[in-house]
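Participant: My request is simple: use the sequences and hints to build the entire structure.
These protein sequence lines are chains A and B, in that order.
So for the first sequence, my numbering puts the first residue at 1; every next one is plus one.
So for the second sequence, my numbering puts the first residue at 1; every next one is plus one.
In case anyone wonders, no lab produced these hints; they're calculated from the structure.
Fair warning: this is a prediction, and the values are worked out from it, not measured in the lab.
Ideal Cβ positions, reconstructed from N, Cα and C, are used throughout, including at glycine.
It is possible that part of the hints are untrue.
Said to hold, decoys possible - Straight-line C-alpha distance at most 16 Å; calculated EDC-like pairs for lysine to aspartate or glutamate: (1) A:Lys137 x B:Asp28; (2) A:Lys137 x A:Glu84; (3) B:Lys120 x A:Asp200; (4) A:Lys223 x A:Asp213; (5) A:Lys300 x A:Asp276; (6) B:Lys283 x B:Asp87.
Claimed, not checked - A few chain A residues facing chain B, derived, Cβ under 8 Å: (7) Gly18; (8) Val20; (9) Gly132; (10) Leu149; (11) Ser150; (12) Phe164.
In case you want the letters, here they are:
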Amino acid sequence: MSATSVTEPTGRVKWIAGIVVVGYALVTLIPMVWIMLTGFKTPSDAISYPPKLVFQPTVEGYVNLFTTRTRMTPEQIEGLGPAENFAQEIVRERGMVIVGASRFGERFLNSIIIGFGSTFLSILLGTLAAYGFSRFKVPLTDDLMFFILSTRMMPPIAVAIPIFLMYRTLGLSDTHLGMILLYTAVNISLAVWLLKGFIDEIPREYEEAALIDGYTRFQAFWKVVLPQAATGIASTAIFCLIFAWNEYAFAVLLTSGNAQTAPPFIPTIIGVGGLDWPAVAAGATIFLLPVLVFTVVLRKHLLRGITFGAVRK
Amino acid sequence: MTDKASVPERMVRATPPGVARTVRGLSDRALAWLFIGPTILLLLAINIFPLLWTIYLSFTNYRANRFNRDVEWVGLRNYERVLTDDDIWQAMQATAHFVVWTIVLQVLIGFTLAWLINAKFRGSNFWTTIIVLPMMLSPAVVGNFWTFLYQPQIGLFNAVVGFLTGTDPASFEMIGDVDLAPWAIVIVDTWMWTPFVMLICLAGLRSIPAYVYEAAEIDRASAWRQFWTITVPMVLPFLMLAVLFRGIENFKMFDLVVQLTGGGPGSVTELASINLKREAFEKWRTGYSSAFAIVLFVTVFGLASIYVKALNKVKER
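Facilitator: See the structure below:
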């Protein structure tokens with residue numbers, strides 16, 4: 001027997017494990033890489049048979065994503081004079097001219113407004129509630145916590161029926177406020193459960209010392225607990241943001257124009273003769289990239305976030 | 001906990017609650033409600049009130065696209081219809097197929113990956129992060145894009161399968177074929193959510209203390225025996241938790257599949273939520289679909305409660 005620990009895998013085992021895992025990771029990356037590559041193809045390259053791995057990259061997909069265009073005859077285009085910028089040039093090569101911005105920008109902005117708005121509200125309410133549950137003797141704490149969690153078991157479509165009727169009556173349909181409130185209600189269960197876990201880990205002694213020093217309860221919460229919970233609050237916020245960012249069911253049922261977010265919009269980008277795949281791919285890439293970055297940032301708290309704090313490393 | 005209480009904690013405990021109350025102005029109970037109240041109010045307004053409304057609607061013949069018609073109380077008729085509707089049973093079967101197979105595949109692949117990652121080869125943390133990426137993406141956008149990968153001629157999926165098996169990539173349609181479509185949605189969900197099961201299993205594997213294996217080694221237990229008597233039982237509670245989460249999520253599945261197949265071809269991939277959406281927001285049978293929604297909720301809630309009881313038993317062992 002070697003001198004190393006008996007439970008340490010041997011070098012050969014590590015090698016095999018490494019090769020299998022890396023192989024899986026590479027395969028799993030293919031669809032995502034393919035989305036990003038397709039965004040830089042021309043429409044004909046995107047739908048070529050067999051699929052093209054090597055191609056001349058272009059930003060046509062991105063130009064199409066952000067603009068609306070109209071077809072013109074070569075003579076008409078000739079009469080317009082030289083193209084003002086690279087985008088105009090790309091579009092004119094296809095016999096079209098840019099006539100304005102597409103609605104992707106608005107939809108993306110809606111995603112940002114609704115995502116950040118609901119995240120802010122979820123964290124605000126969630127932190128207060130989590131602190132309350134963690135530090136006070138609330139009657140029926142376990143029941144209330146379970147009640148908060150059980151709101152997640154409803155299929156979103158089932159919730160959407162009465163919400164649709166309620167919002168129609170209140171005039172909240174297709175408004176940013178309506179969507180922010182709705183996403184907050186969905187996210188608050190996650191926020192309360194995660195934040196309670198984080199606040200439970202902060203020793204009570206800190207606050208008690210502060211209370212003896214003459215702080216009020218609220219001051220102790222604000223000046224002692226909050227700074228201690230900052231990392232937990234930040235990672236909870238990112239989870240709420242990702243949920244609101246990715247949400248589709250409520251968005252597609254309750255919004256149509258004014259407050260529609262990007263997920264219901266991206267699959268509807270139509271080009272000449274069907275879906276404009278490079279533009280769809282460009283939209284998907286822009287939309288998914290922030291989430292990829294956040295996932296890497298969050299990796300240490302990922303497990304905790306996705307299990308509502310049930311599994312902590 | 002109590003014997004280690006700090007000086008301030010003991011002082012706080014020694015202070016009679018009455019004194020504390022008058023000093024602080026607000027009782028602790030009132031303060032507690034000040035902290036918790038807003039959350040409970042929001043949930044009552046946007047979760048409980050709508051739920052009660054759904055229950056009420058489920059006993060009526062209300063249709064949300066007709067404002068002026070009188071709403072009639074129809075008793076249990078909607079429930080009777082839901083439970084005897086062939087379409088709904090078909091949707092439930094499609095859902096069951098989807099839930100069972102995604103869980104089976106994700107558990108097998110997820111556990112294997114976690115077990116391999118736990119060998120702690122160089123760079124394992126980096127590759128774990130890479131593997132985790134798909135599960136954080138927007139399911140609707142992912143579903144939409146997979147329709148592109150699944151295109152019979154131009155799609156990458158078909159090209160790769162054609163290349164590996166020698167079949168003609170144009171000869172099969174993953175989302176247009178009645179036999180293949182149910183598997184098409186299983187494949188995408190497995191691609192997306194295997195990392196979830198993997199992460200939870202990994203936490204389970206890392207929670208097993210090294211001395212347990214060392215003791216087994218001293219007892220000359222074979223690697224095979226160690227795997228089945230130590231690794232599996234100790235990871236089981238974690239694995240069951242992962243299955244609970246995936247089960248609930250996939251029972252409710254909507255966004256990914258609606259973008260991928262739209263429930264088709266025909267209705268072979270029309271999962272419960274997709275069927276519900278069709279009844280509620282295309283046929284506008286509000287009362288009927290409310291009854292279906294309640295049936296779904298009760299099913300998820302009931303199954304989850306039974307499962308949690310089993311999970312707690314496993315944990316106690």
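Participant: When the nearest CB of chain B is found for Val20 of chain A, is that gap smaller than 8 Å?
Facilitator: With Cβ-Cβ at 5 Å, under 8 Å, it holds.
Participant: Below or equal to 16 Å on CA atoms is what counts here, so check Lys120 of chain B against Asp200 of chain A.
Facilitator: 31 Å, violated
Participant: For the hint on Gly18 of chain A, does the least C-beta distance to chain B fall short of 8 Å?
Facilitator: 4 Å, holds
Participant: Would the hint on Ser150 of chain A be counted as holding, given a Cβ-Cβ threshold of 8 Å to chain B?
Facilitator: 7 Å, holds
Participant: Measure nothing beyond the straight line between the CA atoms of Lys300 of chain A and Asp276 of chain A; if it is 16 Å or shorter, mark the hint as holding.
Facilitator: Answer violated: Lys300 of chain A to Asp276 of chain A is near 38 Å, above 16 Å.
Participant: Does the interface hint hold: is Leu149 of chain A within less than 8 Å of chain B, judged Cβ to Cβ?
Facilitator: 10 Å, violated
Participant: Is Lys137 of chain A close enough to Asp28 of chain B, meaning Cα to Cα at most 16 Å?
Facilitator: 8 Å, holds
Participant: When the nearest CB of chain B is found for Gly132 of chain A, is that gap smaller than 8 Å?
Facilitator: 3 Å, holds
Participant: Quick one, is the Phe164 of chain A hint okay against chain B at 8 Å, beta carbons?
Facilitator: At about 7 Å, which falls below the 8 Å cut-off, the nearest Cβ of chain B leaves the hint on Phe164 of chain A intact, so it holds.
Participant: Verify the proposed pairing of Lys223 of chain A with Asp213 of chain A, using a straight-line Cα cut of 16 Å.
Facilitator: Holds - the C-alpha atoms of Asp213 of chain A and Lys223 of chain A are around 13 Å apart, at most 16 Å.
Participant: Between Lys137 of chain A and Glu84 of chain A, is the straight-line Cα distance small enough, at 16 Å or below?
Facilitator: Violated, because 68 Å separates the two Cα atoms, which is more than 16 Å.
Participant: For the pair we were handed, Lys283 of chain B and Asp87 of chain B, check the Cα-Cα distance against 16 Å.
Facilitator: Within the cut-off at roughly 14 Å; holds.
The structure is inconsistent with the numbered hints 2, 3, 5, 10, although it conforms to all the rest.
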